[in-house]
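Participant: Construct the entire structure; sequences and hints are all you get.
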Amino acid sequence: MDFSFTDEQQMLRDSVSSFLQRSYDFDARSKIVRSAEGWSRAIWEQIAEIGLLALPVAEDAGGLGGTAPDLVAVAEPFGAHLLAEPFIATLLAAPLLASVEDERLEGIMEGSKLAALAYEEGHGTADPSHIAMTAHRDGERFMLDGEKRMVLAGGDADLLLVVARLEDRLEDRLALFSLSPDSDGITIKGYQTIDGRRAANIRFSGVQVEKDDLLANDIEDALRKALDTAILALCAESVGAMGELLSRTAEYASTRKQFGVPIATFQAVAHRLADMKIAYTKARATLLYTAALMEAGHATERDMAILKGQTGKLGREVGEAAIQTHGGVGMTDELAVSHLHKRILANDALLGSSEYHLRKVGNLSRS
Amino acid sequence: MEIDFSPELEAFRAEVCDFLDTAPTPEIREAGRKLTSVFAPFEQVMAWHKILYEKGWAAPSWPKEHGGTGWTVEQRYIFAEEYRRRDLPPLLPQSLGMVGPLLIDIGTEEQKAKYLPPILKGEDFWAQGYSEPNSGSDLASLSCRADKDGDDYIINGSKIWTTYAHHANRMFMLVRTDNTGKKQQGITFLLLDRVDYPGMTIRPIVGLDGFPEQCEVFFEDVRVPQSGRVGEENDGWTVAKHLLKHERGGGAQSPTLHRGIERIREAAKDTPSGFGTSLAEDPVFLRDLGELEADIASYEAFEKLGVSGHPMANDPSWPSMNKTMNSVLTQRISVMMTRVTGNEGLPLQHEALRVGANVEPLGSDLELVAMPYYLNSRATTIYAGSNEVQRDLIARTAGRGA
Chain A
110 MDFSFTDEQQ MLRDSVSSFL QRSYDFDARS KIVRSAEGWS RAIWEQIAEI GLLALPVAED
170 AGGLGGTAPD LVAVAEPFGA HLLAEPFIAT LLAAPLLASV EDERLEGIME GSKLAALAYE
230 EGHGTADPSH IAMTAHRDGE RFMLDGEKRM VLAGGDADLL LVVARLEDRL EDRLALFSLS
290 PDSDGITIKG YQTIDGRRAA NIRFSGVQVE KDDLLANDIE DALRKALDTA ILALCAESVG
350 AMGELLSRTA EYASTRKQFG VPIATFQAVA HRLADMKIAY TKARATLLYT AALMEAGHAT
410 ERDMAILKGQ TGKLGREVGE AAIQTHGGVG MTDELAVSHL HKRILANDAL LGSSEYHLRK
470 VGNLSRS
Chain B
6 MEIDFSPELE AFRAEVCDFL DTAPTPEIRE AGRKLTSVFA PFEQVMAWHK ILYEKGWAAP
66 SWPKEHGGTG WTVEQRYIFA EEYRRRDLPP LLPQSLGMVG PLLIDIGTEE QKAKYLPPIL
126 KGEDFWAQGY SEPNSGSDLA SLSCRADKDG DDYIINGSKI WTTYAHHANR MFMLVRTDNT
186 GKKQQGITFL LLDRVDYPGM TIRPIVGLDG FPEQCEVFFE DVRVPQSGRV GEENDGWTVA
246 KHLLKHERGG GAQSPTLHRG IERIREAAKD TPSGFGTSLA EDPVFLRDLG ELEADIASYE
306 AFEKLGVSGH PMANDPSWPS MNKTMNSVLT QRISVMMTRV TGNEGLPLQH EALRVGANVE
366 PLGSDLELVA MPYYLNSRAT TIYAGSNEVQ RDLIARTAGR GA
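Read top to bottom, the protein sequences are chains A and B. Position in the first sequence (from 1) plus 109 gives the number in my numbering. Position in the second sequence (from 1) plus 5 gives the number in my numbering.
It is possible that part of the hints are untrue.
[To be verified] What follows is a set of in silico ranges between Cβ atoms, one per label pair, in the way DEER data are often shown:
hint, chain 1, residue 1, chain 2, residue 2, range
1, B, Ala-19, A, Arg-246, 49 to 59 Å
2, B, Asp-275, A, Glu-276, 39 to 49 Å
3, B, Thr-243, A, Lys-366, 26 to 36 Å
4, B, Phe-10, A, Ala-241, 35 to 45 Å
5, A, Asp-134, B, Thr-243, 41 to 51 Å
6, B, Phe-10, A, Val-209, 23 to 33 Å
7, B, Pro-288, A, Glu-410, 15 to 25 Å
[Stated by the list, open to error] What the simulated footprint calls covered on chain B by chain A, stretch by stretch (three residues with Cβ under 8 Å from a Cβ of chain A suffice, anywhere in the stretch; the number is not a length):
hint, segment
8, 47 to 55
9, 73 to 82
10, 325 to 331
Hint data in this document are derived by calculation from the structure and do not stem from the laboratory. Note that beta-carbon positions come from the ideal geometry of N, C-alpha and C, so glycine has one too.
Facilitator: Here is the structure:
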């Protein structure tokens, strides 16, 4: 049993961290997030150059075939540095394109094109079985009506991948369609999320889809796999953010003086730091353990629910404790602390909150 | 990263199951079912220890050259899982988990040769003499003194919360040998070959659950040989801290917690929620159970990282984090058990809890043990250094490793 990174993974992690330290410190990141576009194409190109956009794609589809631990090695520093660029969006879209051998995958992996997965229908659609949007047959074509919400990179994508129910004969299956964002009947309302990512709500009103743009009439298996990968990455990001919050808060508490002494010398503060460290350690252990299970092909639905549930819950605890310990400055936009907390909150809400996942653990009997 | 899921492990599991299904006597099984504490009923657990020793399985965490099993982490967990699944009594920790590993790490060759084999065989049981009436969390302030006299020490003072001292035949303890410097500097670690030296008195203390698990030990001019010292004179604090790492450090405790969840789930099926369904169908109960289960799963991941030697486990506060998590989860399990048993857990059933008593319990096994287990588990956040003390230690390195 071994949960440590390989030398290659450690090198990957170190190189991602040093790249971000060089080009993406908090000030640089803040400027990028405040810019009109809200993210940096230059940074995105460099991320593509390192090969990180090919990481989630299998080798036989032209990708790097990254393992779950590879992904953790990359996503932890992304979380610690609050990456605003559409990495999670690409993690969701690229493996689905690969599963249908779509040639547009190449441009996605190169970073020249962006794909967004229009999956979410509101309130953190945690399970694909809840997808309600239906594609109606219209002769040779299909007709899409409904709304997708919180589509990561949905306002910036060159290509929309839409998950919808296909009423086909007697079967009820989840299909995958590809659409150009400027197709007739599509209204895209883009926005920034609280944690500095870009997303969109997308309304489909009588959108006609050609037969060839039905990429798969049964995407569920590939979709669930992509969602699990995204959950792992979201949790790794949050754990990275938690680590950053812990070290920043420990540092602050040992230098900030009140009543003539560093506040860390007060037991009430010290014990909150200890609780933060326990929460972080628990979350990171869960992350690494789940990554090892995924790599071995043994991660169950329950394992994924535990990871997502625990990370959300523990992350919130760490973030709230960090703000409390920082006091007034923790409340400002000027420090990374509040931004790290917001990243954790956002990652918790995406793809099923901790409430949802912990309840799911209760419903699933232990095998 | 790597977790072994090879078919050989299933063969190992079958071997473990076969042994655990056949080897324990009915009394040993009864002791396990009636467990209401970390510390199992003495007579039966020592009988079980000897059976495990004969099989070579008494000390999975010891190095192989000292009688350990040489199992991989996966094997240790399979053993622990199957062991707990059968509600068998856990072997007592003081000898196997504390003084044994300490001697393996820093004992002299003579001490190892003399003390390790009878610990392994289950012939010796050691009591731990650390706390004193006025030295609990502030352990280094201890005042039970040992004065040199020829080749001996003369001990005067008392120790308290000495678990199972009334069953022990040996004792390890901390004594004050110097009062002049910092309080940590005048402490010495001693091994006592007997607990019936002239001048030694052991008084059992009845706990809130109604059982005499703890003791107070009094020393009045007790003469013991200096050869029982571990480490140098006045350097006992270093030795004690080393031992505490073993006492607080991790092993394979999560299977015990998982087993608690299993028992709770089973019992919930037959328990009305008060809202028309069974507790097992009650969404609020299931949600709370899910939250606890997930936290136990995280603890399992933490434990496995530790046992497999992940770099994170080199953190000096790892044993304190382990102790904090484990103790709180144990308490939460016990709370959940009493939530299921409700007022069926209220009858005092001391006689039915005694192993070998032919007294039929009023209700289920869980209803028999849940309340005493809950009461006894209040100790988990107090013993081995209260969780407040652990948090002090964890906070000192809060930013490290993050």
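Participant: Hint by hint, note whether the structure agrees.
Facilitator: These are the hints, each one checked on the structure:
no.: 1; hint: Ala-19(B) with Arg-246(A): 49 to 59 Å; verdict: holds, 54 Å
no.: 2; hint: Asp-275(B) with Glu-276(A): 39 to 49 Å; verdict: holds, 44 Å
no.: 3; hint: Thr-243(B) with Lys-366(A): 26 to 36 Å; verdict: holds, 33 Å
no.: 4; hint: Phe-10(B) with Ala-241(A): 35 to 45 Å; verdict: holds, 38 Å
no.: 5; hint: Asp-134(A) with Thr-243(B): 41 to 51 Å; verdict: holds, 43 Å
no.: 6; hint: Phe-10(B) with Val-209(A): 23 to 33 Å; verdict: holds, 31 Å
no.: 7; hint: Pro-288(B) with Glu-410(A): 15 to 25 Å; verdict: holds, 19 Å
no.: 8; hint: 47 to 55; verdict: violated (count 0)
no.: 9; hint: 73 to 82; verdict: holds (count 3)
no.: 10; hint: 325 to 331; verdict: holds (count 3)
Comparing the model with each earlier hint shows a violation of hint 8 alone; every other hint is respected.
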